[in-house]
Amino acid sequence: MTEQEIGADETVLRVVRSGDGSAAVRAEEAAVGSARVSRLFPAADEQIGGLETFAPTDVERAKARRQGIARTIFMLMAFSLVIPVILILGYLVVKAWPVLSWSFLVTNPENRMTAGGIWAPLVGTFCLVLMSLLIAAPIGVLAGVYLNEYTGDNWLRRVISLGVMNLAGVPSIVHGLFGVGAFVYFAHMQRSLLAAACTVAVMTLPVIITSTREALASVPMSFREACWNLGASRWQTIRTIVLPNSISGILTGVILQVSRAAGETAPILFTGAVFYARVADHGFASWAPYGPSDKFMALSYHLFTLSTSVKDVSEGLQFSTAVVLVALVLAFNSLSIFLRVYLRARKKW
Amino acid sequence: MIEVAAKPHIQFEDVTVRYGAKVALRGVSLEIPRREIFGIIGPANSGKTTFLKCINRMIDFVAGAKVEGKVSVGEEDVRRIRNVYSLRRKIGMVFPLPVGLPLTVYDNVAYAPRMAGMSNRGELDELVEKCLRQAMLWDEVKERLNSLGTKLSGGQQQRLTLARALSLRPEILCLDEFSIAIDPVTTMKIEDVLLELKKEMTIVLVTNLLQQARRLADRTAFFNSSELVEVGPTEKMFEGPENPLTLDYVSGSFG
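Residue numbers (the numbering used here), protein chains in the order written: chain A, 1 to 349; chain B, 1 to 255.
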């Protein structure tokens with residue numbers, strides 16, 4: 001039946017109905033309706049209510065096939081990320097296994113670095129990370145709050161944002177050279193833990209600022225407006241609503257930068273890290289091994305010197321140093337994941 | 001008793017608001033006396049919400065908004081007020097989209113008083129209960145004052161917003177479509193409360209429910225495409241408005 005025919009039929013039906021209005025007419029009317037449906041949905045012709053109704057058509061089968069292919073490709077790409085991680089970790093651990101032990105962690109390098117452990121570089125890295133965090137976290141978080149909460153979209157904010165972005169793009173070796181000029185010589189810090197920590201802080205700042213801003217921006221604007229409506233000042237709004245609801249994102253950003261600081265070599269190369277600086281490995285003195293003005297050993301630099309400048313060093317020593325460094329970084333990362341999960345569980349909207 | 005010719009509570013003198021090139025409010029002059037319910041009706045995008053935002057200077061937060069003319073609350077030109085927080089504390093605002101702050105129900109209502117420096121737990125308890133009762137929410141949430149305000153249903157959050165707006169005992173209460181998510185029975189109860197509240201505060205009621213304006217408002221203003229078309233006693237606005245546009249709108253043949 002064509003469209004015109006149906007239209008004509010309906011006109012006829014209406015005429016007929018006004019005549020006697022019998023049941024037969026209504027049945028005919030229903031038949032016209034179903035004819036129209038079956039033209040649009042061929043499957044509807046087959047037993048209504050039976051399984052046939054949901055049998056896939058060719059179009060649907062092709063769609064499912066394409067979707068399957070696409071999903072496989074995406075999955076393989078995602079999974080290919082995991083392979084290098086497993087390979088790197090597996091290789092490192094296998095090579096390092098004979099040397100790894102508790103005493104390896106807590107003894108100083110000995111015998112011109114060819115024996116002993118990594119106590120001094122381990123605590124050196126800890127001190128470096130802690131100190132750079134103490135410098136970078138307050139500056140970065142407060143700057144992020146200022147940029148996201150206090151300034152409108154004006155030239156000042158654009159200049160600062162541009163600065164932050166460019167700072168993030170500076171290679172770490174250039175940060176190292178800047179540290180030499182600015183902290184070691186200009187600020188008279190000499191080559192020291194403090195100078196290295198400042199350099200690392202400058203390097204980590206941009207990402208801390210950026211992640212702080214993103215965390216703050218994830219708090220809906222409507223909350224702030226509701227608070228302002230109630231006569232709360234900007235600072236009251238930030239303190240009571242914005243910060244408590246963005247702290248997980250802020251902490252995550254900060255901790256991820258800590259792990260980056262722990263792994264970097266270039267910025268400490270010229271600013272304070274040294275080939276050898278023995279520290280106490282037992283007793284009270286071992287708890288405060290380096291002062292801010294001391295030169296220090298660090299894991300990343302230690303690994304570098306072991307691999308390049310020390311003669312007759314066993315392979316196991318290098319690999320176990322690498323394992324400890326990677327483990328340290330992963331530990332920081334897991335801490336940040338744990339914190340994020342924990343704080344997000346308390347999320348309130 | 002001698003009735004002093006009271007100055008209007010809210011006064012707009014030739015106020016124009018621009019968002020960039022777009023004019024949101026054009027040359028509006030209007031007076032709202034103390035302790036009346038002032039209804040504002042008009043189609044979407046006619047400047048009703050902008051009008052409210054001028055009263056408590058929330059317009060400051062709208063990027064690119066420029067205000068000309070003079071808005072006075074009481075005796076004061078609002079744009080000259082240094083301490084804008086004290087102005088906002090005098091004015092309760094309820095916007096159409098309910099926003100429960102990510103705090104408990106109790107803390108939501110106690111938020112504004114606390115920010116204004118009130119800390120006595122007993123007084124706060126009393127105030128929270130009173131405001132929640134006025135917003136017709138108390139019976140539903142009295143068992144769970146410590147659950148999150150953001151977890152309430154849409155209609156409950158809207159009443160929570162109303163309770164929050166009342167928490168500072170404002171002089172002026174601005175309601176922008178306060179009842180869109182609230183069921184009709186509860187809306188009626190809240191309307192009764194508003195009539196009661198009128199004794200102590202000025203209420204500006206923006207509404208798309210013409211019957212609501214008719215039931216509640218002492219006077220009504222009709223806005224259309226950023227302009228004030230007509231203002232007058234509610235009865236006159238609905239029975240025999242002067243402007244044909246108003247007649248069309250209230251009779252439902254436009255808008």
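Note that these hints are calculated values from the structure, not bench results. As the structure is a computational prediction, the values presented were derived from the model and not from experiment. Each residue gets a CB set at the ideal place from its N, CA and C atoms; glycine is no exception. Don't take each hint at face value.
To be verified - The list that follows gives simulated cross-link-like pairs (lysine to aspartate or glutamate, EDC-like), each with its CA atoms no further than 20 Å apart:
1. B:Lys66 - A:Asp312
2. B:Lys130 - B:Asp77
3. A:Lys311 - A:Glu110
4. B:Lys130 - B:Glu196
5. B:Lys90 - A:Glu225
6. B:Lys90 - B:Glu196
7. B:Lys66 - A:Glu225
8. A:Lys95 - A:Asp312
9. B:Lys66 - B:Asp77
What the hints assert, rightly or not - From the derived model, a few chain B residues whose C-beta atoms are all more than 10 Å from chain A:
10. Leu87
11. Arg164
12. Leu197
13. Arg215
14. Asn243
Hints and how they fare:
1. B:Lys66 - A:Asp312: Distance of about 76 Å is beyond 20 Å: violated.
2. B:Lys130 - B:Asp77: Violated - the C-alpha atoms of Asp77 (chain B) and Lys130 (chain B) are around 32 Å apart, more than 20 Å.
3. A:Lys311 - A:Glu110: holds, 13 Å
4. B:Lys130 - B:Glu196: Given that 20 Å is the threshold and the Cα spacing comes to 14 Å, the pair holds.
5. B:Lys90 - A:Glu225: holds, 16 Å
6. B:Lys90 - B:Glu196: Distance ~18 Å between Lys90 (chain B) and Glu196 (chain B) Cα, so the pair holds.
7. B:Lys66 - A:Glu225: holds, 19 Å
8. A:Lys95 - A:Asp312: holds, 17 Å
9. B:Lys66 - B:Asp77: holds, 16 Å
10. Leu87: The assertion about Leu87 (chain B) is violated, with a minimum of 8 Å to chain A.
11. Arg164: The claim is violated: Arg164 (chain B) sits with its nearest Cβ about 6 Å from chain A, within 10 Å.
12. Leu197: Label holds. Min Cβ-Cβ 18 Å, cutoff 10 Å.
13. Arg215: holds, 26 Å
14. Asn243: holds, 33 Å
Against the hints set out earlier in the document, violations occur for numbers 1, 2, 10 and 11.
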